[in-house]
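Asks: Read off the chains here:
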Amino acid sequence: MKCQKCTKAATMHITEVLPGDRFEELHLCEDCAQKVLFEVPKPLKSGSVSGEESDEFTPAKSACSSCGIKFVEFRNSGRLGCPNDYTEFRDELLPLLENIHGEIRHAGKTPRRSPKARAANGELLQLRKQLQVAVTREAYEEAARIRDRIRQLETS
Amino acid sequence: MNPDNLVQTTGEWLRATGPESDVVVSTRIRLARNHAAYPFTNRASPHQKAEIEAIVREKVAQVDSDRPLHFINISKLGQLDRQFLVERQLISRELANAEGPRAVVVDDREAVSIMVNEEDHLRLQVMRSGLALDEAWQDIDSVDDRIEQVFDYAFSDEFGYLTACPTNVGTGMRASVMLHLPALVLTKQIEKVFRALQKINLVVRGLYGEGSRASGDFYQISNQVTLGKSESAALTEIREVNRQIIEYERQARTLIIKETRQAIQDRVARALGTLQSATMMTSEETMELLSSVRLGVNVGLVTGLPITLVNELFLHTQPAHLQKLMGTQLDGEERNAARARYLRTRLKEAGPNPN
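Those protein sequences? They're chains A and B, same order as listed.
Going by our numbering, the first sequence opens with residue -5, and the numbers climb by one from there.
Going by our numbering, the second sequence opens with residue 169, and the numbers climb by one from there.
Hints are computed from structural coordinates only; laboratory data are not their basis.
One thing to keep in mind: the hints can contain errors.
To be verified - Here are the computed lysine-lysine pairs in the DSS-like style, where the Cα-Cα straight-line distance is at most 30 angstroms:
#1 B:K360 / A:K2
#2 A:K(-4) / B:K516
#3 B:K367 / B:K356
Chain A on its own, in the form it takes in the complex (with noise of 0.2 angstroms):
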């Protein structure tokens, strides 16, 4: 298993324990893990029993609306969901990339043939997403309708 913060193998498992009889599993590499632990503690949120739930721990609770992954989920896995995910999350993953490359702005090739002239790429991602959607339910008329506007957008 990887480290969820870096690249290394994780050798550290910690559970963190949460108001509310919540719990949080880490998986760090010895390096990660001290940074955690030895972090300064955060305030104990004492008497929470409104209901409020704090969102330290989780991030960007919204999940991707072109794949429908949470950030939590890519934590957990070290995989993203979709291409839209570096918009989406990019407040996220940006101190991350910095981590595993020391740097945060692309410097290589580009493509010849500018991605901008395919916008329609976006819209094509959650179209897919919808499709996927649908056939579950099996709303096959709305999944025929989707699968028609694909191909238009496709040939286009």
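For this one, chain A is given, so just place chain B on it according to the hints.
Replies: Showing chain B alone in chain A's frame:
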């Protein structure tokens, strides 16, 4: 194409014809690419993976007019054939063991391969014999340009080529050089070399089995950073480091011949003798002995044995290759007997002599 057609041959990367081939076995560059309008492989439905596969089969496989590309459907292959392609370095272990629609596209010389539906939709790979980073880059760059015309790449100006794992984003390029470093291992300098490499963000791996101890004294050195550094800058770094390591290995070879000639002579002669006469041979022992023989050939302690043949024996004695060559499935013990028999026969044909 049927993998059986490849059994009798050796891939481009093992020909031992490239520059510095006394130390460098091969150069490999791979590019990670994804389609902009599909979720990454791990989030793609089987149907979507099949669509990606179809684009590759119908369009990508046709892009190279200079050399015919063959499409191999991995999900239709048996376990032995998949393992065989892994041993030839045409596909990764991950792709071999994955599920769902997946494929590889290969040219006749096995210099180009394109994995489909691995961690990324496409993993383009070019292999060259010896140290040939520039040539490999020119090759893969032009293959990449041609694929781009029929496959909409996921690319952003800010992050470059977008990949499923952020460790590959940017250039998506991993350049690896495979080195044979027996003298650095014998003189126990190898650890020192690797500690120095880790400081400059290069990764070292063994030949077969990631992360495990390198067998046969083969080591792969690759770049790690893909974002914020151009392909040519990354290649220059790797090239310079490799030049140094090649120099160290050659110095170590000269040193052991000068100072411990008899011991090395004995080691090489015993290795050759065992390979020529043993009746049971494990894969590990074969790698170890062949490594000594390869060193012997390179320092002139063995004559009449071409390096190409030694390279070929490394590959052909791997489990799946051996079974394909014998034309039958073999269990562990049977393989050890067949391996020993195969080595005896091939070495007898060549008739090498220890000096």
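Asks: Run the structure past the numbered hints and jot down the numbers of the failing ones, going up.
Replies: Checked against the structure, the only hint that fails is number 2, while the rest are satisfied.
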